[in-house]
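Trainee: From first to last, the protein sequence lines are chains A and B.
Residue numbering for the first sequence follows the numbering used here, starting at 1 and increasing by one per position.
Residue numbering for the second sequence follows the numbering used here, starting at 252 and increasing by one per position.
No lab work stands behind these hints, which were simulated from the structure alone.
Hints are supplied without guarantee of correctness; some may be wrong.
Unchecked claim - So these bits of chain A aren't anywhere near chain B, every CB distance computed over 12 angstroms: (1) Thr18; (2) Tyr19; (3) Ala27; (4) Pro43; (5) Met48; (6) Val63; (7) Leu83; (8) Leu140; (9) Met195; (10) Gly202; (11) Val228.
What the hints assert, rightly or not - Facing chain B, according to a computed beta carbon distance under 8 angstroms, are these residues of chain A, among others: (12) Ile23; (13) Leu29; (14) Thr34; (15) Leu42; (16) Phe117; (17) Ser120; (18) Trp243.
What the hints assert, rightly or not - Some chain B residues close to chain A (C-beta under 8 angstroms, calculated; not the full set): (19) Gly254; (20) Thr257; (21) Val278; (22) Ile306; (23) Val310; (24) Leu313; (25) Ile314.
Glycine included, every Cβ here is placed at the ideal spot set by N, Cα and C.
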Amino acid sequence: MSGLGVLIKKELKEQLKTYRFLIITTAFLFFGLTTPLMLKYLPEILKMAGEDIIIDIPPATVVQALTEYAGTIVQIGVLIAVLVTMGAISRESEKGTAAMVLSKPVSRIAFILAKLFALSTSFVAALVLASMACYGYTVLLLGEADIVAFIALNGLLILFFVVSISVTLLFSSMFKSQLAAGGLALVVLVGQAIMVNIPRIGAYMPSNLVSWGTGLLSGDIASAWGAVRISLAIIIACLYLTWLKVRNKDL
Amino acid sequence: MDGLDTIVEMLPFIIPLLILQLALMIVALVDLIKRQRVKGDNKVLWALLIVLVNIIGPVVYLIFGREE
């Protein structure tokens with residue numbers, strides 16, 4: 001795996017230069033800040049908008065705010081993960097930058113791992129910032145929240161995002177067109193989210209990680225280690241298949 | 252609580268959001284100005300999108316609009 005360190009450095013710089021880090025962080029922060037804010041003030045905003053209408057909304061709870069935040073971040077996060085990853089290999093191959101990088105003494109597995117690492121780092125950093133902001137707002141606006149459960153939820157969200165990035169990376173290596181890669185990745189990721197509702201199989205879908213995480217917030221101790229194992233297996237399988245694809249490809 | 256009180260109470264929580272939106276908008280606009288070529292070759296249209304559509308406008312430009 002030669003050249004991994006150099007490639008990681010290059011990819012991390014690229015994350016800043018192509019605004020990927022900024023895009024992910026801003027989008028996450030936006031929802032981290034607005035979710036508790038909207039939950040707290042929505043009844044009053046509605047009251048201001050229509051004076052005569054009496055709307056009875058029960059006061060928002062801390063668990064509700066953090067659960068809703070996680071739900072939104074997952075939806076937006078998957079979309080962004082696909083958007084910023086779909087061109088990772090296909091576009092570089094098209095522009096010829098992949099060939100340039102691979103003409104140096106770096107292995108192809110290092111080329112793939114560096115991309116996964118840099119994209120995951122952007123997501124982790126953005127999630128940490130947004131979750132801190134969301135937690136802060138929630139505590140200030142709605143009251144004390146279970147920090148341990150929230151940290152655990154974030155850990156599970158990170159695993160989920162790495163799965164999303166790995167799947168998109170694989171499709172990015174398979175197709176010349178960015179849109180085809182992104183579209184198919186989205187189909188697979190949305191498909192598994194729908195399959196969560198199927199009895200038995202559903203428990204092993206990566207999306208079940210999110211259900212486990214949000215369950216922790218309300219004190220639900222039912223775990224989903226099956227989903228964790230399957231998620232790790234998907235990441236490894238996607239990396240392996242991407243490597244097979246890139247290895248034999250004239251980039 | 253009447254309307255004005257609510258707005259005053261919300262204000263300190265809204266300011267960080269406004270800063271976030273503004274910062275993203277400025278970054279996108281600066282990039283747009285510096286860039287020689289953009290998708291669709293219409294800088295004005297991109298500028299309008301960045302300024303008028305909160306958060307999503309700048310993000311769409313930064314992902315799709317830039318041309319190297």
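Trainee: Take the hints in turn and mark each one as holding or not.
Mentor: Results of checking the hints against the structure:
no.	hint	verdict
1	Thr18	8 angstroms, violated
2	Tyr19	4 angstroms, violated
3	Ala27	6 angstroms, violated
4	Pro43	10 angstroms, violated
5	Met48	5 angstroms, violated
6	Val63	20 angstroms, holds
7	Leu83	6 angstroms, violated
8	Leu140	8 angstroms, violated
9	Met195	28 angstroms, holds
10	Gly202	32 angstroms, holds
11	Val228	31 angstroms, holds
12	Ile23	5 angstroms, holds
13	Leu29	6 angstroms, holds
14	Thr34	7 angstroms, holds
15	Leu42	11 angstroms, violated
16	Phe117	21 angstroms, violated
17	Ser120	18 angstroms, violated
18	Trp243	27 angstroms, violated
19	Gly254	5 angstroms, holds
20	Thr257	5 angstroms, holds
21	Val278	6 angstroms, holds
22	Ile306	6 angstroms, holds
23	Val310	5 angstroms, holds
24	Leu313	4 angstroms, holds
25	Ile314	6 angstroms, holds
Violation of the numbered hints given earlier is confined to hints 1, 2, 3, 4, 5, 7, 8, 15, 16, 17 and 18; the remaining hints are satisfied by the structure.
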